[in-house]
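Protein chains: 2
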Amino acid sequence: MPGRAPNKRRLGVDERRAELLELGLELFAAASYETLSIDAIARAAGISKGLLYHYFPSKRDYYTATVRLAADRLLNATLEATESDELPPLELLQRGLSAYLDFVERHGQTYATLLRTGIGTDPEILTVIEGTRDAFVDRLAERLGLGHEGQGPLLRLALRGWVGFVEVTSLSWLSENTISREVLAELMSETLVATLSAASLKSPQVTDLLTPDSSIE
Amino acid sequence: MPGRAPNKRRLGVDERRAELLELGLELFAAASYETLSIDAIARAAGISKGLLYHYFPSKRDYYTATVRLAADRLLNATLEATESDELPPLELLQRGLSAYLDFVERHGQTYATLLRTGIGTDPEILTVIEGTRDAFVDRLAERLGLGHEGQGPLLRLALRGWVGFVEVTSLSWLSENTISREVLAELMSETLVATLSAASLKSPQVTDLLTPDSSIE
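As they're listed, the protein sequences go chains A and B.
The opening position of the first sequence corresponds to residue 41 in my numbering, with each subsequent residue numbered one higher.
The opening position of the second sequence corresponds to residue 41 in my numbering, with each subsequent residue numbered one higher.
Derived from the structure by calculation, the hints contain no laboratory data.
Incorrect hints may appear among the rest.
Heads up, the list lumps identical chains together, so a pair's fine if it works in one copy or across two of them.
Derived DMTMM-like pairs (lysine to aspartate or glutamate); straight-line CA-CA distance at most 25 Å [stated by the list, open to error]: (1) K89 x E74; (2) K99 x E62; (3) K99 x E164; (4) K99 x E55; (5) K99 x D79; (6) K89 x E62.
Start from the sequences, fold in the hints, and give me the full structure.
Structure follows, in structure tokens:
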């Protein structure tokens, strides 16, 4: 079914895909991958199954694309909050965490879906999850001014582990809601400073960066 | 196909299930849930598909049972290493981490399967993963002598987040192997002490427990 006017048609396809992905975020947040059938998705979208397959060749493709969209949104939300060359690292960290927890609060089910997903060892979904962690690690290393040290394997592992800390505590916070958002954000930022301290015992140059008003030598 | 001698037959069923679960650990570590067919599992086990269904009603049941077995083994391995009433908390922590990393090293693929699993938001698999984290949190609170404070929501969240830290750094370590096992174990234990310190700023009674030779008042 190729169209005659590729540019116009192409735009239509992209727009429709975007709409379907928005819908996917809602659908997969409310029902699990396995229980949600292609029929149910097509019905919710008000289109035929055949047309749905035109946009996404399989349910898995559709699912992977929605997970990728959720990951992009989370990354963008925190990116916007931390775009500044003037603020000190710890201030940027607090802004980033605030934007992160905003996302968790507003899109709780989508966030849980993103992180609890995985679909076995599905390589594409793993790539999205690991890629999101990598992106956070890169950005943390840059925004916190870790400079060259931020490229070292130990610090990267510590930052990555901290992203895991943030993920697990956010998921627990979402489902249990036993402490305030402010206390959670403080726990996260203090744990980051602390784990970087622990890592810096093995790479001393970092220690300087951990005191709020220090500048990089 | 009910047997006439239920006791004997019952034993046989349990043994056969146990054998099949051992096989499952290998199979699911080597291939993803989706790509591994019931036919391939039955072939690998040397039994008919019908007989396999006799032990596990579905591929999902089989998979869930192998994930549960992997989780039990991980918990047991670390439990044995930390059964002592005499050693100080930090010594127990180091022993527990050493046993944990032994498991990660020896059963890398199984460990990765356990944690990267999830199968979407499959509730049973989630229950295993969350239950394993809960078990670690309970045990940490007890072995570290956090006593009554260890029941508080903030400390539990911090401990749970640290389990996430351990999971994510272990997975990265497995796939990248950029730092030594000893340095990883140190990073983990120092981060735990640090995150408990951070949490204790909000619940002061805990601070006492973090210095190696302190005793509980």
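At most 25 Å between C-alpha atoms: does K89 with E74 qualify within a copy, between copies, both, or neither?
both (17 Å within a copy, 23 Å between copies)
One pair to classify: K89 and E62, alpha carbons no more than 25 Å apart. Within, between, both, or neither?
Answer is within: at 17 Å inside a copy they meet the 25 Å cutoff, but 41 Å across does not.
Measure nothing new, just compare the shortest in-copy and cross-copy C-alpha distances for K99 and D79 to 25 Å and report within, between, both or neither.
both (10 Å within a copy, 23 Å between copies)
For K99 vs E164, is the C-alpha pair at or below 25 Å within one copy, between two copies, both, or neither?
This pair counts as both: shortest intra-copy Cα distance 13 Å, inter-copy 22 Å.
Intra/inter-copy verdict for K99 and E62 if alpha-carbon distance must be at most 25 Å:
Answer is within: at 15 Å inside a copy they meet the 25 Å cutoff, but 32 Å across does not.
Cα distance capped at 25 Å. Does K99 pair with E55 within a copy, between copies, both, or neither?
Answer is within; shortest intra-copy Cα gap is 19 Å, inter-copy 38 Å.
Hint compliance for this structure: every hint is met.
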